[in-house]
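Kindly generate the complete structure, drawing on both the sequences and the hints.
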Amino acid sequence: MAIENTDGSELQPVEAPDDRWSVTRRDFVKTSAMVGGAVAAAGSLPALARITGNIVEPTAAFAGAAYPLNDPENTIYSICLSCHTACTLKAKIQDGVLVKVDGNPYSPMNLLPNLAEDTPLAEAAKDDAKICPKGQSSVQIAYDPYRIRKVLKRVGGRGQGEWQAIEWNQFIDEVVNGGDLFGEGKVDGLNDIYKLRDVDLAKELAADTDAVVAGDMTVPEFKAKHADHLDMLIDPDHPDLGPVNNQFVFLGGRVEHGRKELTKRFTYDGMGSVNYYLHTTICEQSHHIAFKEMTGGKDHLKPDLLSAEFVIFFGTGAFESNFGPTPMTEQVTDSLIRNKFKYAVVDPRLSKTAAKAWKWVAVHPGSDGALALGMIRWIIENSRYDASYLTAPSMDAAEANGEGTYSDATHLVRLDEMVFLTAEEAGLEPPTDADGNPVSGARVVMTDADAALADAAPAGQLLGDFTVNGIAVKPAFQLLADRAAERTLDEYADICGIPTRDIVALADEFTSHGKRAGTDMYRGPVQHTNGYHNGQAIITLNVLIGNVNHRGGIVGGGGHWHEDGSKGGAPFPKSVVASAPGGLKKWGIHINRQQASYDKSTLFEGFPAKRPWYPFTSDVYQHVIPSAAAGYPYPAKFVMTQMGTVALASPAGHAQIEALKDPKKVPLFVACDIVIGETSMYADYILPDLSYMERWGTSHTSPTIQTKMSKVRQPTIAPLTDIVDVEGEQMPISIEAFLIAVGKRLGLAGFGKDGLGDGYPFDRPEQYFLALSANLAFGDKEDGSETLPAADAEEMRIFREARSHLPATVYDEAVWKRAVPAELWPSLVYLLNRGGRFEPSDKLYKDDEWVAHQWHGRWNLYVEKVAKAKDSMTGERFDGLPKWQPVKDAGGNEIDDAGFDLTLITFKEIWEGQSRSRGSEWLQKAISPKNFLQMNSRDAAARGIKSGDHARVLSATLPTGAFDLGDGRSYAVEAEVKVMEGMRPGTVGLSWRGHWAYGSNDVVIDGQTIKGDPDRASGTVPNPAMRLDPIVGDVSLTDPIGGSASFYDTKVEVEKV
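When we follow my numbering, the leftmost residue of the sequence shown carries the number 1, and every step to the right adds one.
One thing to keep in mind: the hints can contain errors.
[Stated by the list, open to error] Label-pair distances were calculated between CB atoms; the ranges are:
id: 1; residue 1: His-856; residue 2: Arg-877; range: 27 to 33 Å
id: 2; residue 1: Arg-877; residue 2: Glu-727; range: 49 to 55 Å
id: 3; residue 1: Asp-897; residue 2: Pro-236; range: 41 to 47 Å
[As the list claims (entries may be wrong)] The list that follows gives simulated cross-link-like pairs (lysine to any residue, SDA-like), each with its CA atoms no further than 20 Å apart:
id: 4; residue 1: Lys-908; residue 2: Ser-928
id: 5; residue 1: Lys-186; residue 2: Ala-629
id: 6; residue 1: Lys-1056; residue 2: Ser-970
id: 7; residue 1: Lys-946; residue 2: Glu-974
id: 8; residue 1: Lys-817; residue 2: Ala-793
id: 9; residue 1: Lys-1056; residue 2: Pro-985
id: 10; residue 1: Lys-186; residue 2: Pro-663
id: 11; residue 1: Lys-600; residue 2: Lys-868
Calculated from the structure, these hints are not laboratory results.
Note that CB positions come from ideal geometry on N, CA and C, so glycine has one too.
What follows is the structure in structure tokens.
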């Protein structure tokens, strides 16, 4: 990586210190707006100095034989967030300072088998369970000296690196009221954007808008009826755009449950805006959408690694990024030793997981779906599928076979319209409901005798070409067989760049273990323009052998207790925690056009649309800022980012910098961040946030964990942000403080008196999260039979002593007790003392054949819903079957970047997080000071490159390999080369790393220059080299169905520098 001045001269780094803390004492003391300055100025926290500096000598507390960190009074259980796995952890506190992090032994994420819930706290405190390096680095992430403590307001233009610290009330006044805040003209504040406030009127406008879209009301009729309220709409000629309220946009990143419900509650029910987004499409969204469409709602399943005999990892593994390495590593290694388990890895790169595999299949990036289709062809042609499972056309038929799921394999599809044949169309009498009324849309199968209702037939035919009532039809399974047969195995192998024998070997092995085989995938196969279809093909392999819910098959996981109050009897029901009492009705088209069909909107003017629409997906993160800047379908007035960095983390995200810098395109931009990051550096205001070790949350768990569990993030240390007054309540600055302050200023639903239900105010952050936690302590049974035991006197004592270092602004037992029903308080203490609640390990399996927690439903081999919709750019209908496609742009045109002969991929090492790991010297210096551009020896030799050389990555949309940061610097995608045989020829890889902000650059605060740490800029972020879509121009290539941003489709060239 190289950062240069825009005049071409190399930016000279500050001298790297031997002891970082000595520099921060000298440089940071100039300002208390950053954590380093506050601590340096105080000079009175020796335990903290041991963490932030390089002091390794033991303190007096450790000089003797006693080890106080094994005492439960020095332990608080919480949740990591250095990656999205969100592992449970054990925080060890000394003198009020976090000094060590380990895994939570009560949790199956960290210990296999986990400790029983009734294990005494003193015993559990001595049992340190596993956690990955990122989790252990939570200490340094929490005490990062570059964290900001006060609200910062820009001085000068956006992105110029100059700030002033301002008082809390000034910040709230300015963002609520707007005005000429920067001498650049008036901007609307939240008070202006919160235009539609009447709950009943919002419902009426929404209902009439639906009528307009349905064709039951004309736009002129709508405008006449609502003539007095048209000023509340973004555009009265297009009422489906919704109210002005929608011009408030919340762009979150890794906002997890707890905070997720709260920020949605603020955005949806409070502000009345539809525009709430998380990071999922730059993570692995198409994988979720493929599962969701194929199951009708279940969006995540995983292989049962503890009982599987064979698993194929497509573009992922157990030992690096996944959900997640901490639990999966032990599951895989345990099975390799204890069972006859083996696995294959499909990946262009020889990952650490691939290095231990039975077979490493080094496919071309993006060809995973072709490999899966080749396997499907072989499995069908060799009758290696489970015919008994697939011929069951209904749940009744499945249950008669002893199964809890079935598929649409036998359901007949019309060949003229490519939709399912209905009973009415087949000339059959439709079924009736409980009142005797006919039910339309019932599906039909072909039995050995004739066509019959799917729900009434014991079995249907899988293969055949039939005519029913004059209509040509085929079973969905026959359509799948036809699709797979469109190419030969040799042709599939050629697409993948592998021998045909590898496809045969994988298919043969996959079908040689009965139900004890499965697939796993993550980002690798799905962050492509054909990502959804790749995922669909991979999932289909599991359906062919009917492995779901079986030991060793794929499973839906153990699930969790429901903190959101969605279960009967919850002390805080969904209507007060997930929603706000008296909240607004949100309605209108999303600014990124997700979950909406172009041809069903008032904006429809024929194909193509001005920008792509995404009817099947959500959280299309990479399109939010470009859409707002383009004003299509409408512009934004206020963008708030939180725990996300679109400019850094999105492929080609650097192209969004120009929009972020321009107040005409993003009039008011508030970033909630713990540092001055690569996106927040362009904000108008930076709102400091708490680290995950200082705050609350109720993160959920992936299906990797098959026992039921719920975890609670809770404050482990005193907050490092300023304490401010929020409407009479003292609390640390955070996103929660902002939501409460704005909520009360604007009178938004769900804040203040009775904000969490009768008698339960919402004046402080902990009140909300204690309500969620109380729901967990109560459990999911309406009769209260799942309520956790009450903490006894000894547990109460430990609870209080473990939190004695926390200030009253965070922990005040009287405030906490009043936040929940009195009878639940002891059970809530029991929950918090363990960091959650965890089912015992003996609940993993029902018996020798089945897992205990099962998903029940129908697999959709043919996804009719997708097949019926039209692509907004081409006007063509999508395909209901899995298919392989080359890389395409938004217009459906194949991408052919002549002269760029290498495909760029990216990945994450286990010590690299999304961005936060950059604050840990333990990770960045002790483990890996930089990342490398990994190349195969053939590609390196052809370019005269050898290991140790530095090279720059060029692409069609980054032809020089560098771009302008807008602050007098430029950033180049450059890295040291590592030549290796573990990278497929024609492919180059750069792991996730690299920064141009986040403490790596100098900034000015209150007139004082804060020197950046050059070590934080080490390594290179690959994303800027990734290709922009040539049709849209300002955003990455994107999967039109799943919405995923393309990370693995860019053709590049590599030049030695």
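Structure-based check of each hint:
1. His-856 <-> Arg-877: 27 to 33 Å: Given about 31 Å between the Cβ atoms, the range holds.
2. Arg-877 <-> Glu-727: 49 to 55 Å: This hint holds: roughly 53 Å between Cβ atoms.
3. Asp-897 <-> Pro-236: 41 to 47 Å: holds (44 Å)
4. Lys-908 <-> Ser-928: Roughly 12 Å separates the two Cα atoms, so the pair holds.
5. Lys-186 <-> Ala-629: holds (18 Å)
6. Lys-1056 <-> Ser-970: Roughly 19 Å between the alpha carbons, so the hint for Lys-1056 and Ser-970 holds.
7. Lys-946 <-> Glu-974: Holds - the C-alpha atoms of Glu-974 and Lys-946 are around 15 Å apart, at most 20 Å.
8. Lys-817 <-> Ala-793: Roughly 16 Å between the alpha carbons, so the hint for Lys-817 and Ala-793 holds.
9. Lys-1056 <-> Pro-985: The hint holds at about 18 Å.
10. Lys-186 <-> Pro-663: Roughly 11 Å separates the two Cα atoms, so the pair holds.
11. Lys-600 <-> Lys-868: Holds. Lys-600 to Lys-868 sits at ~13 Å (cutoff 20 Å).
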